[in-house]
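S.K.: Residue numbers (my numbering), protein chains in the order written: chain A, 1 to 723; chain B, 724 to 881.
Don't read these hints as lab results, they were simulated from the structure. Hints may be right or wrong, so weigh each one.
Unchecked claim - Listed next, the in silico BS3-like pairs over lysine-lysine satisfying Cα-Cα at most 30 Å (straight line):
id, chain 1, residue 1, chain 2, residue 2
1, A, Lys187, A, Lys294
2, B, Lys806, A, Lys80
3, A, Lys294, B, Lys793
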Amino acid sequence: MTRRMLSKQAVEPERCELVKEPPVLFESDRRGFLRFLGTGLVVICSAAKTAALQESGAGRRRGGPELPQEIDAWLHIGEKDEITAFTGKVEVGQNIRTSLTQAVAEELRVPIGSIALVMGDTKLVPYDMGTFGSLTTPVMNLQLRRVSGAARDALIAMAAKQWSVDAARLTATDGKVVDTQAKRSAKYSELVRGQQITQVLPAEDPLIPPAQWTVAGQTIPKVDGRDFVTGRHQYPSDITRPGMLYGKVVRSSAFNATLVSADTNVAEAMPGVTVVRDGNFLGVAAVSSAEAEKAAAAIHAEWKAEPQSSSKELFEYLKTHQEKPEEGDNYCFVSGDVAPVFAAAEHKVSATYNINYIAHAPLETRAAVAEWSGDQLTVWAGTQRPFGVRGELATAFHLPEEKVRVLMPDTGSGYGGKHTADAALEAARLARAAKKPVKVVWTREEEFTWAYFRPGGVIEVSGAVGADGKITAWEFHNYNSGTAGYRTYYDIPNQKIEFHPVDSPLRQGSYRGLAATANHFAREAHMDELAAAVKMDPLEFRLKNLKDERLQAVFEQGGKKFGWNNARPANHGFGVGGGFEKRGYVATFVEVALKPETSEITIQRVLTAFDCGTVVNPDGLRNQIIGANIMGLGGALFEAIEYQNGRIVNNAFSKYRVPRFRDVPRMEAMLIDRKDKEPVGAGEAPIVGIAPAIANAVFAVTGVRLRTLPMGPQLAAKGFLVT
Amino acid sequence: MPTYELRVNGQSHSVEAEPETSLLFILREQLGLTGTKYGCGEAQCGACTVLIGGRAKRSCRTQVSVVAGKEITTIEGLTRNEKLHPVQQAFLDEGAMQCAFCTSGMIMSAVSLLNEKPHPSDNDILQSMDGNICRCGTYPRIMAAIRRASGAGKEQRP
Chain A
1 MTRRMLSKQA VEPERCELVK EPPVLFESDR RGFLRFLGTG LVVICSAAKT AALQESGAGR
61 RRGGPELPQE IDAWLHIGEK DEITAFTGKV EVGQNIRTSL TQAVAEELRV PIGSIALVMG
121 DTKLVPYDMG TFGSLTTPVM NLQLRRVSGA ARDALIAMAA KQWSVDAARL TATDGKVVDT
181 QAKRSAKYSE LVRGQQITQV LPAEDPLIPP AQWTVAGQTI PKVDGRDFVT GRHQYPSDIT
241 RPGMLYGKVV RSSAFNATLV SADTNVAEAM PGVTVVRDGN FLGVAAVSSA EAEKAAAAIH
301 AEWKAEPQSS SKELFEYLKT HQEKPEEGDN YCFVSGDVAP VFAAAEHKVS ATYNINYIAH
361 APLETRAAVA EWSGDQLTVW AGTQRPFGVR GELATAFHLP EEKVRVLMPD TGSGYGGKHT
421 ADAALEAARL ARAAKKPVKV VWTREEEFTW AYFRPGGVIE VSGAVGADGK ITAWEFHNYN
481 SGTAGYRTYY DIPNQKIEFH PVDSPLRQGS YRGLAATANH FAREAHMDEL AAAVKMDPLE
541 FRLKNLKDER LQAVFEQGGK KFGWNNARPA NHGFGVGGGF EKRGYVATFV EVALKPETSE
601 ITIQRVLTAF DCGTVVNPDG LRNQIIGANI MGLGGALFEA IEYQNGRIVN NAFSKYRVPR
661 FRDVPRMEAM LIDRKDKEPV GAGEAPIVGI APAIANAVFA VTGVRLRTLP MGPQLAAKGF
721 LVT
Chain B
724 MPTYELRVNG QSHSVEAEPE TSLLFILREQ LGLTGTKYGC GEAQCGACTV LIGGRAKRSC
784 RTQVSVVAGK EITTIEGLTR NEKLHPVQQA FLDEGAMQCA FCTSGMIMSA VSLLNEKPHP
844 SDNDILQSMD GNICRCGTYP RIMAAIRRAS GAGKEQRP
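Can you make the complete structure from the sequences, with help from the hints?
M.R.: Okay, structure coming up:
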């Protein structure tokens, strides 16, 4: 794959995350699957409807014929009252196994413990584009509620028929249909016993309104928490198969290198070692990971690579390596006319903000186990896109997609970093040669080098503001970071906002919040610069320029809880940053303290007010909000990928600092539960406020304006130390 | 290759390995104890933490030859007769995990701390836990879980 294709593929859902044609499911598979489920009640939906669930414009089988018989099964109620729900979404720590289980329990009226969720197994679950874009809660939670509600109503109808009563007098509770008038009840399993009943998801089915929820919307502990605290849970890197070998890839000396020669004689002579050389791929499989490492080390390979740029010149590079947008792509948004307003402005402020590349650094590195059986390929992989990985495998091995099954065990995090098939392709290639299952687990160094990164960027912002504090013009140019969150939510009559694609110096892709963190940093820092220009309080200035009532609410209520208007201790600064991302409203407040005698700056506390509509699990939501802030702290203060001539320089935790216990200030999450609004995702949006809030708090106490992420090095250059 | 007698979770195992082989490798690949995780291989993240004689050790940088004959405890050995260790229970009670890949190592480090200091101060917790990375950022809850397990009571959860 060329670099260009990779960068195109992985930048972000808004732009180009999914270039591959979506896969096709075959009707025979699905029918077989229904047989496999056995007797009981199954709720199905036509695959066309499933496709419509996916993001607009990206539905599957574009241009292909519809197969009307094609169906997806979403829910099964078995003979022993065991409930199985099927979803293509995957668990990487966002706690959706629990929140989706709650959705099923709520509508189906069954105990949480009776529900098993099958997630991310391409053979069993309906097609899904992937777990990204904070879509699980708005899309899948709703879908599983609808499916479960349909099952509940079908069961009530069955009981009504059996008992020859009006369905309206029956209720469903605790896995039973109850007739209170006749004092009788029937367990769901009794109603379906011995039959195979198929219920098609109706077009419309009333859902239980959030205000009446008793299981959804509540704090329910992680459904499989015990498996995690006992070490019993099997992550992708823990999977073993009979006769399994361990794979190791011999990596090139630099990015975009070509394999010139490889002396594999010594490795090939080692007992039990298989060596594969295929184009630029060079790898080994052996009976243990230690043996595989030895064999890989015994290979002498020569690579050829062109000279490449380095992180020292990143921002200059981004300004000088622009790409033409592809035809049909328009990344420029204009309203009114900014030029005459800037020319006549009372106050005009222009500034450039720089964003470094950062790494996801998921604690579980990429891992996959691949097993061939004839021309059937099964792969267990840690990925946020099981169907995408299936497609990549099918393409790489020239297989029809129904010959490939990808399973995704709950994985050791992703943060947008596990969209591609890398380790799965490597394991499958080695397994095919070795004729045995092969596991590939990337080392930390490989993870820091060969995964993709959150794009670096340069953002140029100009704003004009009147003496009354109303912003009159706004111009915003983003080079390379991406389009997520680049439009302003402030009420500004004249705007020009443009994204400029770049032939990126590194392999780059999705990340928690995508470019929204960079864009919010630039926008919200610049809001403070404008507020300072007209000598207004930064929070008051934001509220003056906001019309959206939900956004006003997070700023106002968050500010109140934080004590924004309280007297600030000497040498303490407050900062705020917030916005709207992935349909969530966020405002983050930060207090920093400066010790003038040592120039030490300490982050004292952080508060994030967050509105994501109806809350589906308050405790899980708090965990996401705090976690996002702590992750955001790293990118805000000290994370930056350093690279030089096609190599990553800081490719280890000892060289790349991520937040640790000591870095965490007092953190508070303030939930604004809008039961009148549909629930939306929460894994990404809460990350966007902390960087600008810190920058603004530091400005408040030091007068130093920080315009580069991470901010630590710039602070150090000015003689300050962040502790 | 030399043979080593390892005592892991109260059971004896004979393993054949080069002396410098990491204990992590032995646990995961030879004994099938996959609750102990690989995170970095340079003792920087704590995911591979086990107890050697009750004290936390990074198994990725512990050579098998050094621990032969010593009492090794992994996450799988903390649970007795299906009853969770108080630290495991506290992690559940505080919801102190997200993807939970760090959880084994966090729990083992916390057990080691509490073995040494049954009532640690917050500073003690920071000192002894700072080598464990939770990339999901669950640190405040892990702090709360350790306080809870130590009987120090639960501070308000963020």
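S.K.: Between Lys294 (chain A) and Lys793 (chain B), does the CA-CA distance stay at or below 30 Å?
M.R.: Distance of about 28 Å is within 30 Å: holds.
S.K.: Lys806 (chain B) and Lys80 (chain A) were given as a pair; does the straight-line alpha-carbon distance stay at or below 30 Å?
M.R.: holds, 28 Å
S.K.: Under the criterion that the straight-line Cα-Cα distance not exceed 30 Å, is the pair Lys187 (chain A), Lys294 (chain A) satisfied?
M.R.: violated, 59 Å
The structure fails to meet hint 1 from the earlier list, while all remaining hints are met.
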